[in-house]
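Trainee: Taken in sequence, the protein lines are chains G and S. Heads up: the first sequence is residues 1 to 276, going by the numbering used here. Heads up: the second sequence is residues 1 to 552, going by the numbering used here.
In case anyone wonders, no lab produced these hints; they're calculated from the structure. Hints are supplied without guarantee of correctness; some may be wrong.
Computed beta-carbon distance windows for the label pairs [stated by the list, open to error]:
#1 S:F502 to G:L232: 52 to 58 Å
#2 G:T88 to S:A435: 32 to 38 Å
#3 S:A412 to G:L275: 51 to 57 Å
#4 G:A257 to S:R504: 48 to 54 Å
#5 S:L497 to G:L232: 49 to 55 Å
Computed footprint of chain G on chain S; a stretch qualifies when at least three of its residues, placed anywhere within it, have a C-beta under 8 Å from a C-beta of chain G [to be verified]:
#6 263-270
#7 314-327
#8 348-360
#9 411-424
#10 488-499
By construction, the Cβ of each residue, glycine as well, lies at the ideal position given by its N, Cα and C atoms.
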Amino acid sequence: MMHLIQIALMLTLGPLVQGVMATLHARLVGRPGPPPLQPYRNLRKLWRKEALVPAGASPLFLAAPGIALGASITLSTLVPPLGAQPRTVDAIAIALTLALWRFALVLAALDTRSTFEGMAASREVTFGSLTEAPLILALASLAFGSGAALASILASAGLLIVCLSETARIPVDNQETHYELTMIHEGLVLEYSGWHLAMLQYASWLRQLSLLLLAAMILPGGAIATLAWLLLFIIAIPLVERLVAKMRFFEVPVLFATATILALTSVVMHVMRALS
Amino acid sequence: MNELQLDFGASALALPFLAAIVLIFPAVTLWTLRRRHRSDFWLLALFAGAMASVLLARSVTAFAIAWEVMALLSAFLVLQHHERRYVRTAALWYLVTSQLGALCILAALALLGTNAASFSFADIARAAPALPAATREWVLALALIGFGSKAGLVPLHFWLPRAHPAAPANASAMLSGLMLSVALYGLLLVALQLASPVPAVFAFVVLGVGLLSAFAGALYACVDADIKRLLAFSSIENVGIVVAALALVLLARQYDQPAIAALALVALLFHVITHAIFKSLLFLIAGTVAESAGTTDLEMLGGLFRSLRYTAPLALLGCAVAAALPPTGGFASEWLVFRAFIGALVEGPLALRIAATVAITVLASSAGLAAIAYIKLYGIGFLGAPRSTHPIERDSFDGSFVGMAWLGVMLAIFGLWPELALQPLERVTQALGFAVPPLGGFPLLPVKLAVLPLAVALFALLRARARIRSAPTWSCGSPVTHRSQYSASAFSNPAALIFRSFLRVDVDDAAQAIAGFVRRAAARARIIQGGLLRVYLGYAALALAAILLLAR
């Protein structure tokens, strides 16, 4: 029952988290920025509009927003209930549900025949394949139960790096870019408009909240602590985006290697602790 | 000791593999008959029979004969287009590797037979615990080389990406889908029964080889631009996953973790079956593409969903299964494999846990790379617009489609109701002496949860009929043509650049070097080939004398 309430809250609050982060980011760079509730307004506006579909696209292009949204909802149900002890999480199901999301959107992008979309698709799958290992390892470290604080922090840091990539944030990607050549996530959905885009945006915000919540759950503490960590992440990520410059494309794998090493170290520490 | 007994009979271990043949062969047959290659049909049927007799063999002699028949028939399958030069080269590579592998297998089985003083598998398995350590190591090493080269394990895989694409699609489907599984059966047979228990060192070697194959296969598949070669490399990846899971079975048994061993074995068998089905399906699709578009080169393809109206949805399903996406059979089997490794991570001694950590890292990375390969296959080949002006023949609703659809339906069912396959596999595992935790031990809820995406997608499609409008693609004002599309090699180029140090290692060079050495050695040995009958008779007499001396 608590789990159902949690899922319902996540479904409602995904856009709010995005709005708060966008407002914070704007304030940090010296703009007044949109109000935190702006994402809800955008969704309502887009949902009412008709969707444009590139001429000659396959039915998959029409289905992709639905599959992406479905994958995001599935992901939110895979986040374990807050405060449940011991926390068990299905690392593989989470990783492969994210892969389903990517599969649908990248295929839709390749279907449009646009060079920009192809470029974004190629980059998205490259990063997606590199984040698979840190994602699964960091989530697998949850299977050891809580206890080793340092190990949990390392795993959470690894997962946060994956989050930066999955939610299209600096230093991997830039949500606010309007330059087609540098877009990754925005490039994938370039051809989507109207209610299709509404579904996709809502899906990515829901996915963002789910991933951040997972990263918070890895850290030690009960339900209250997890929420506090989540709040900290929501504040910290715009700050990181303000302080760090976007990386060159071929420097990003180094960042993912770091995430993998963080997650690996965490697992090894857990193993050592469990055996001693 | 009766060396020439030809025992055949069903065994628990062979059942899943036999089931794979029974499920897949009709589909390949339907495809073959519809495509009017009637002459192939008998060859394929004989080949399926040979594979079944390998699985049914219960004695060394029966196994060796059946194996040799299977190997020769498969070489004939590869040679069907022998008028092309590269096919003959590929077949030669294949035959040499295959025969060397068969020699290793024969040696391993003969060692086991002489030790047990019987060539029947039942007696050998009974005598297995008393096997001297040195003999056991020799047997296992020979079996790994012999079966590993047939299964395409790195670094003995070099023939596979040559031979499988050179064969016609229906033969490739049987080779990649089924014959690799038969080779894996051989490895399982030796490791789990004939030479069991296996020392931990060997299990670590198996794990290393499996992980190397999984990663290398996925990486090569990811950067290749030919559908059939991509599929062949992906077979190497999947064989690697299965062999890594076998290593987990052996290690967990060695370190006294029966639950993990049983889970890993169930996962392994399930993955073998899923892989056999989706790989046959994808090779048949590659054949359909080759027949209607005249090529399997992704750089020349595109927009196939328009002409291949029946095949394209099956290709999408096949690619989703191969990329292990929920809610398909590929997801269920990959999920179980990972679940077994994560189980080993949390329980068990240090060595097992470290092995599991490494395995999870490598398998996760290769899963990511394999996903790129299959997104490329479908996204570049079937979506967008054609990249060449070659006319594309439409496909129709016919027998070949029914055959492929049958494979697709099975994959969908395995995704939604994995229990359907898991319950029989669980019984097989029990019959092999593993205590399987009850099926409730597999929390399969998430597999079914993922049905949601499909439901929402359906909703979106229904809604789509009302409020959409067609418009040209945005390309900063320049026209969008088939030339503006991303190409296959550009698509995977970032991954190729990131992993360039891995791709620089060329196993082919090593294989060429070995081949050159063998050729030179053969040239030297030709001195004894005098061409005179009496010299040859002398050799025969000498050999006979040597045998009599040795057997005294």
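Trainee: Determine for every hint whether it applies to the structure shown.
Mentor: Against the structure, the hints come out as follows:
1. S:F502 to G:L232: 52 to 58 Å: Since the Cβ atoms of S:F502 and G:L232 sit about 38 Å apart, the hinted range of 52 to 58 Å is violated.
2. G:T88 to S:A435: 32 to 38 Å: Distance hint for G:T88, S:A435 is violated at roughly 23 Å.
3. S:A412 to G:L275: 51 to 57 Å: 43 Å, violated
4. G:A257 to S:R504: 48 to 54 Å: This hint is violated: roughly 19 Å between Cβ atoms.
5. S:L497 to G:L232: 49 to 55 Å: 36 Å, violated
6. 263-270: Coverage by chain G is violated here, the residue count being 0 at a Cβ distance below 8 Å.
7. 314-327: holds (count 6)
8. 348-360: holds (count 6)
9. 411-424: With 0 residues in contact (Cβ-Cβ under 8 Å with chain G), the coverage given for the segment 411-424 of chain S is violated.
10. 488-499: holds (count 8)
In this structure, the hints that do not hold are numbers 1, 2, 3, 4, 5, 6, 9, in rising order.
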